[in-house]
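Student: Make the full structure from the sequences, and use the hints.
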Amino acid sequence: MSSTFTTSAARNIFYGGAVFSFLLFLALTYQTERVLPERDQRAQLDNPQVVAGKRIWEVNNCIGCHSLLGEGAYFAPELGNVYKRRGPDFIKAWMQAQPTGAPGRRQMPQFNLSEKELDDLVAFLKYASEINTAKWPPNIEG
Amino acid sequence: MKYTSQAVAKPYFIAAMGLFVAQVLFGLIMGLQYVIGDFLFPHIPFNVARMVHTNALIVWLLMGFMGSAYYLVPEEAETELHSPKLALILFWVFLIAAALTVIGYLAVPYATLARITGNDLLPTMGREFLEQPTITKIGIVIVALGFLYNISMTFLKGKKTAITSVLLLGLWGLAIFFLFSFYNPHNLVRDKFYWWWVVHLWVEGVWELILGALLAFVLIKVTGVDREVIEKWLYVIVTLALVTGMIGTGHHYFWIGAPEFWHWWGSIFSALEPVPFFAMTLFAFNMVNRRRREHPNRAATLWALGTGVMAFLGAGVWGFMHTLAPVNYYTHGTQITAAHGHMAFYGAYVMVVITMISYAMPLMRGRAANSNKAQVVEMWGFWLMTVSMVFITLFLTAAGILQVWLQRVSETPMSFMATQDQIALFYWMREVSGVIFLIGLVVYLISFFVKGEEQAA
Ligand code: HEM
Ligand code: HEM
Ligand SMILES: [Fe+2]
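Protein chains in written order, with my numbering: chain A, 8 to 149; chain B, 29 to 485.
Mixed in with the good hints there might be a few duds.
[To be verified] Think about it this way: if two alpha-carbon atoms lie no more than 20 Å apart in a straight line, the pair counts; the simulated EDC-like pairs of lysine to aspartate or glutamate are: (1) 185(B) to 106(B); (2) 99(A) to 137(A); (3) 123(A) to 148(B); (4) 142(A) to 288(B); (5) 113(B) to 103(B); (6) 142(A) to 439(B); (7) 142(A) to 45(A); (8) 30(B) to 106(B); (9) 188(B) to 106(B).
Quick caveat, the hints were computed from the structure, so don't treat them as lab data.
Tutor: This is how it looks when you write it as structure tokens:
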């Protein structure tokens, strides 16, 4: 690099660029928070079942096999839209029937959830399925 | 080695390598579960293996960064480390916390682990990469604070170079953004939005500063090129990294409920993220071509060049492949993502840590470089691991393209599980490449024990 471009100029551009980018990022975050209420179904969070369902989702590490809105693991099906794909009764019956024990097939553990916990989980998955995701996934298979 | 306190890096590097082996073993378990679904079930369910695999990766990279900083900062600052004793205590705290966490993952169901570690008091568990019990997270913060205190005091009392400034900024940023792992709102969209402040702002933000600084340090040492030139390159690279990577976070905000202006901001800025990685490749090759000395440690030079190339391929090329919103609409959360994740983590962060280890370890063992014989073995390790990682990536990419086609593009989309059956062949080939990767890792580790004629440091 040419000698007219000094190290101290490079350093100043670095600090300036970093601060500017961070401020721009914060501004976009602020704008995001303003728009989110129209998209994120937050009214459903008044339902304690949804909140409890999210905790059940977390403490059983469902994300370790499945994806949710496309994030997580890729070993088992997308669950952001499973409420729409399968419906509440199927989901509960499915959870209770695990593991299938079919030889060679990928296995899902039995989490021993109570009837109430299953209802909470379904409420959470319903909430997730109603978030405005810009029409993702491309089709119901996720 | 110029200062005796630099030697505290050694246990960090050794533990890092141990965890690397564990990481790869659990990767192979998962790879087998992809094709033999009930392998080790119910003893090690897939999600448990995955936690061990990814958390071991993160922890050993953090150990590698810390060890590197303990080695690098005294040498750059031209003074002894503020407190070698603190560094050693924190090493054991970190290692024991990591071991207990892994035992927890393997010994009890995750829900039980959450209960007995008091997740209810401050729920942070159960999110990808941040699965650690809350108390482990608090432990990580304590270790990080002690580490930063130690390193910063050393920095403040000594000479301040561009390399240490950039490295410290990266390390402080790493700790600060980790604090977002304690923020877990009920609102799923906001949860995901701020989760990326840890994950993306790490690997495509502050970690790139650490990467650049470590690479610059080793390049100065092995090429003897003027510090002035190298530091200018470093500033340019890290400027490009932050300017593209910060707003580039938007490539994760397309489909999680965030506003759609992110489709533009995220696509455009993240499409520029390969630029700093390309600059890094040019940087490494340019400096080696302009070298003013023939450093006896040719293996370290090879790792440095490899980092430049593989980081650009994994992060730059494979990242670009799926970063534009109209493409990501189809590839989001598929094996394409996994392909990219593997080569990017390997090419950028695994390789830069090994570059540091390769350079510093012989010096800590009292020689300028390992014997020729040992270096040849080390280079075998380099090629076996690197080439098999390229194949892992290619097979996962092939699997991903088929997956997208069958499950998402097709007029008559197949279900997820039916699609998986169709692409099993590629998962088998990934697993074979994974075994070769493990062999490469073992060869690399053997190189530490190969004797021969050594030049004193
Ligand atoms: C060598 C044999 C390896 C095998 C067989 C393997 C296999 C796997 C598998 C099956 C997954 C889970 C994918 C899913 O969620 O469905 C995974 C995830 C992951 N592995 Fe590996 N792995 C190996 C080595 C490595 C290495 C060396 C690295 C680091 C450089 C690494 C980094 C990762 C990362 C970052 C993830 C999370 C990816 C994501 O979320 O997209 N793996 N690995
Ligand atoms: C060394 C730097 C990088 C590392 C270690 C890395 C690693 C990863 C990992 C592990 C994931 C999966 C996260 C998850 O599990 O949800 C991911 C996702 C992603 N990365 Fe990177 N990455 C790097 C750089 C880049 C760059 C430079 C680009 C763009 C040019 C990029 C584009 C993407 C995109 C678009 C996704 C989302 C994939 C999806 O929608 O499923 N990455 N990255
Ligand atoms: Fe990213």
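Student: Are the hints correct? Go through all of them and say.
Tutor: These are the hints, each one checked on the structure:
Under the criterion of a C-alpha separation no larger than 20 Å, the hint pairing residue 185(B) with residue 106(B) is consistent with the structure, at around 9 Å. Annotation: proposed proximity of residue 99(A) to residue 137(A) holds, straight-line Cα distance about 19 Å (limit 20 Å). Taken as a hint, the residue 123(A) and residue 148(B) pair is honoured in the structure, with Cα atoms around 18 Å apart against an allowance of 20 Å. With a C-alpha separation of about 11 Å, the suggested pairing of residue 142(A) with residue 288(B) holds against the 20 Å cut-off.
At most 20 Å may separate the alpha-carbon atoms for a hinted pair to count; residue 113(B) and residue 103(B) meet this at roughly 18 Å. For the hint pairing residue 142(A) with residue 439(B), the CA-to-CA distance comes to about 17 Å; that is within 20 Å, so the pair holds. In summary, the hint linking residue 142(A) to residue 45(A) is supported, as the alpha carbons are separated by about 15 Å, within the 20 Å threshold. Between residue 30(B) and residue 106(B) the CA atoms are separated by roughly 8 Å; this keeps the pair inside 20 Å, and the hint holds.
Pair hint residue 188(B) plus residue 106(B) holds up; C-alpha atoms about 9 Å apart against a cutoff of 20 Å.
In this structure, every one of the numbered hints holds.
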